[in-house]
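Chain residues, written in single-letter form:
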Amino acid sequence: MIKVGHLSKSFAGTTVLADISTEIKKGEVIAIIGPSGTGKSTFLRCLNLLEQPSGGTIEIDGMDILDKKADIAKIRQKMNMVFQSFNLFSHLSVLDNLTLAPIRLKGMSTQDAQAKALELLRLVGLAEKADSYPDELSGGQKQRVAIARCLAMEPEIILFDEPTSALDPTMISEVLSVIRRLAKDGMTMAIVTHEMDFAKDVSNRVLYMDEGLIYEEGSPAQIFDNPQKEKTKAFINRIRSYHCRIGSPDYDLYAMNAEIEAFCEKQVLPKKTRDNLLLLVEELLQIYTPYLPAMAFEMTIAYSEKSGHLTLMCESAGGPFNPLDSGGLPDDFGLMIIKKLTESITYQFVDGKNRLELLMQKGPKNSPHLE
Amino acid sequence: MDFKTKNEAGTLIVSVGGRLDTVTAPEYEKQIRALIDGGNSRFVVDFARLDYISSAGLRGLLVMAKLLNAKDGKVCFANVNGNVRSVFEMSGFNDLFKIENSVSEALATLA
Ligand SMILES: Nc1ncnc2c1ncn2[C@@H]1O[C@H](COP(=O)(O)OP(=O)(O)OP(=O)(O)O)[C@@H](O)[C@H]1O
Ligand SMILES: [Mg+2]
Numbered sequence: 001m002i003k004v005g006h007l008s009k010s011f012a013g014t015t016v017l018a019d020i021s022t023e024i025k026k027g028e029v030i031a032i033i034g035p036s037g038t039g040k041s042t043f044l045r046c047l048n049l050l051e052q053p054s055g056g057t058i059e060i061d062g063m064d065i066l067d068k069k070a071d072i073a074k075i076r077q078k079m080n081m082v083f084q085s086f087n088l089f090s091h092l093s094v095l096d097n098l099t100l101a102p103i104r105l106k107g108m109s110t111q112d113a114q115a116k117a118l119e120l121l122r123l124v125g126l127a128e129k130a131d132s133y134p135d136e137l138s139g140g141q142k143q144r145v146a147i148a149r150c151l152a153m154e155p156e157i158i159l160f161d162e163p164t165s166a167l168d169p170t171m172i173s174e175v176l177s178v179i180r181r182l183a184k185d186g187m188t189m190a191i192v193t194h195e196m197d198f199a200k201d202v203s204n205r206v207l208y209m210d211e212g213l214i215y216e217e218g219s220p221a222q223i224f225d226n227p228q229k230e231k232t233k234a235f236i237n238r239i240r241s242y243h244c245r246i247g248s249p250d251y252d253l254y255a256m257n258a259e260i261e262a263f264c265e266k267q268v269l270p271k272k273t274r275d276n277l278l279l280l281v282e283e284l285l286q287i288y289t290p291y292l293p294a295m296a297f298e299m300t301i302a303y304s305e306k307s308g309h310l311t312l313m314c315e316s317a318g319g320p321f322n323p324l325d326s327g328g329l330p331d332d333f334g335l336m337i338i339k340k341l342t343e344s345i346t347y348q349f350v351d352g353k354n355r356l357e358l359l360m361q362k363g364p365k366n367s368p369h370l371e
Numbered sequence: 001m002d003f004k005t006k007n008e009a010g011t012l013i014v015s016v017g018g019r020l021d022t023v024t025a026p027e028y029e030k031q032i033r034a035l036i037d038g039g040n041s042r043f044v045v046d047f048a049r050l051d052y053i054s055s056a057g058l059r060g061l062l063v064m065a066k067l068l069n070a071k072d073g074k075v076c077f078a079n080v081n082g083n084v085r086s087v088f089e090m091s092g093f094n095d096l097f098k099i100e101n102s103v104s105e106a107l108a109t110l111a
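Chains as they are written, first to last, in the working numbering: chain A, 1 to 371; chain B, 1 to 111.
Calculated from the structure, these hints are not laboratory results.
Every beta carbon over 10 Å from chain A, so not counted as near; a handful from chain B, in silico:
| hint | residue |
| --- | --- |
| 1 | Lys4 |
| 2 | Glu29 |
| 3 | Gly39 |
| 4 | Leu67 |
| 5 | Lys71 |
| 6 | Cys76 |
| 7 | Glu100 |
| 8 | Asn101 |
| 9 | Ser102 |
| 10 | Ala108 |
| 11 | Ala111 |
A short, non-exhaustive set of chain B residues, derived as facing chain A with CB atoms under 8 Å:
| hint | residue |
| --- | --- |
| 12 | Asp21 |
| 13 | Leu58 |
| 14 | Arg59 |
| 15 | Val87 |
| 16 | Met90 |
| 17 | Gly92 |
Chain A stretches covered by chain B per the calculated footprint, using a threshold of three residues with CB under 8 Å from any CB of chain B:
| hint | stretch |
| --- | --- |
| 18 | 276-288 |
| 19 | 337-351 |
Don't be surprised by glycine CBs; every beta carbon is placed ideally from N, CA and C.
From just these sequences and the hints, can you work out the full model?
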């Protein structure tokens, strides 16, 4: 349906897209992921001709859309886009937002356009908001209206550019479920998203963009569970882990806790696991604190979906030194808690670094004191 | 952490809420020290409202027990449940202290 060949785009001499070739077939749902600034939005904007590509070809159903004579309005009807920031007309009611383009661009009668609009609003669960104005809606509702407005043009493919990243966390799922529903109904879509779980379960194919290229592509299982190339692996690992550096004894425990809680939420970990993880982190911090700032360390928490295990790694420079053996604390309470919370603790001195690796217990260990 | 006290026939009931951790344990110690310096020697610590405790919090409780020992005072804990209970168990802390299920039982033990 869409064929992209050697597409490139530069802004004032800076190459953003170097050489992009791919094909999107009818009914496919493509997730586009990658680090910030790698040209994901630029790619979608080129497809939709919101940006003029610097080179290459884009064909829709065999028609070259970069041809000077191509009808841009027509192309945008076929390939409609939903933006992060909704882009609704604030002076128009929800219903008028949906009927405007079909009446003006498709020559639909007002009556038909309104009937169609109401049907689409029902599809996204917002029929009762037809007469409201965008400012009276929540972010999630605005984005659902934006999706309905896009559907009103009966596009053959919808391009989504981070449709949920401007939303409060509580509103993300209502928008994602509308997109899931469209996927189920066979809508062809290309979705740029940072919601990795969503990308994984909604798409048939994942494009990982980096270095101005489609650096790696494959099925969701291939890209998320078994990436082959170095940068893809690093990216996937990063989203599966939490990383921070502790350089001073005045670290902000509560700010760290909030970040770790957000990480746990993303990985959908049970509350008990989260509580144990927060406790383990605090106990480790206390053990390291007497040696800060001399022994600044990097902490990485990683979750393996396959094994269900959480691992916590602390790395610090300096001579060989295992803080757990150091006896730097007045008592053993912290160490006892750490041991109870973990299945194994390994200390290694590798490449000039002290590496402490703790594998967390999946379930709480029974306390021998109770038996 | 929030810290409330109530006097019940010469025994001070201390109710701690929120978190007793690296950040808040010094404040707990400070408040307890002031109360003991002020002549209180019998305490019930009620953990019903406490959501989280770490070894730093345990250390605060230990300091309290030591101060009281030096003055022939007594302390009993009540409502040690949930997360707090598991930390007590993990650290072997529940072998070191008198713990009762409720404030009234704790008061009875001290009486
Ligand atoms: N109109 C423009 N003029 C100049 N530079 C631009 C323009 N649009 C984008 N860029 C640059 O192109 C690069 C890629 O931007 P783009 O928005 O496509 O990245 P992205 O992958 O969508 O990132 P993010 O995940 O943060 O949305 C960035 O370095 C950006 O500064
Ligand atoms: Mg973008």
